[in-house]
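Visitor: Sequence:
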Amino acid sequence: MRPVTTDEILTELLDGLALRGPFLTEAAARVVRRILDDESVTVHSQSRESFLAGLSFYEQRSDKGYSLVDCVSMTTMRRQGITEVLTNDRHFILEGFKVLLR
Numbered sequence: 010m011r012p013v014t015t016d017e018i019l020t021e022l023l024d025g026l027a028l029r030g031p032f033l034t035e036a037a038a039r040v041v042r043r044i045l046d047d048e049s050v051t052v053h054s055q056s057r058e059s060f061l062a063g064l065s066f067y068e069q070r071s072d073k074g075y076s077l078v079d080c081v082s083m084t085t086m087r088r089q090g091i092t093e094v095l096t097n098d099r100h101f102i103l104e105g106f107k108v109l110l111r
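Residue numbers for the sequence shown follow our numbering, beginning at 10 and rising by one.
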C-alpha cells in the first residue's frame, strides 16, 4: 500500500512546528520536501473541491469538535477508498476508520 497524504496535512505539520525554533522549522521543511519529492508517496493537492467537501463535512459534524484538516482528510480518504489512517486521533475511530497508532 502506498502512503497517501494531503497538502493540508503537510501544512498542519509545518504549522505545528513553526514556533518551535529554527532547527525544528527547518527540519520540518526538509521532511515535507522529501515527501513531495518521493514518487512512492501520493500527495493529494489542495483544491477548491477538496476544501468545500471538507467544509461540508465540518458543518455536518459541528458537534464533534473535528478540525477542518481532519474533515478534509476524512472526505479525501472516503473518496479514495482508504480505511486505515496513521494517527491516534479518536475522531477517525468515530467515523469508522482503522487507526494505526494506539
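To be clear, the hints were calculated from the coordinates, so they are not data collected in a lab.
Among the hints, erroneous ones may be present.
[To be verified] Cβ pair distances, simulated, as ranges:
#1 THR51 <-> GLY30: 26 to 32 Å
#2 GLY30 <-> ASN97: 35 to 41 Å
#3 ARG42 <-> GLU68: 17 to 23 Å
#4 ASP98 <-> VAL40: 16 to 22 Å
#5 PRO31 <-> ARG70: 33 to 39 Å
#6 ASP72 <-> SER49: 22 to 28 Å
#7 ALA27 <-> SER54: 30 to 36 Å
#8 GLU58 <-> GLY105: 32 to 38 Å
#9 VAL78 <-> LEU33: 31 to 37 Å
By construction, the Cβ of each residue, glycine as well, lies at the ideal position given by its N, Cα and C atoms.
Visitor: Against each hint, give a clear statement of whether it holds in the structure.
Guide: Hints and how they fare:
For the pair THR51 and GLY30, the beta carbons lie near 31 Å from each other, so the given range of 26 to 32 Å is met. The given range of 35 to 41 Å is broken by GLY30 and ASN97, whose C-beta atoms sit roughly 25 Å from each other. A hinted range of 17 to 23 Å is violated for the C-beta pair ARG42 and GLU68, which are about 34 Å apart. For the pair ASP98 and VAL40, the beta carbons lie near 20 Å from each other, so the given range of 16 to 22 Å is met.
Between PRO31 and ARG70 the beta carbon distance is about 37 Å. The supplied range of 33 to 39 Å therefore holds. Between ASP72 and SER49 the beta carbons are some 38 Å apart, a value that contradicts the proposed interval 22 to 28 Å. The given range of 30 to 36 Å is broken by ALA27 and SER54, whose C-beta atoms sit roughly 21 Å from each other. Checked against the hint of 32 to 38 Å, the C-beta distance between GLU58 and GLY105 comes to roughly 23 Å, which is inconsistent with it.
Judged by the Cβ atoms, the range 31 to 37 Å given for VAL78 and LEU33 is violated: they are separated by roughly 19 Å.
In terms of the numbered hints stated before, the structure departs from hints 2, 3, 6, 7, 8, 9, listed from lowest to highest.
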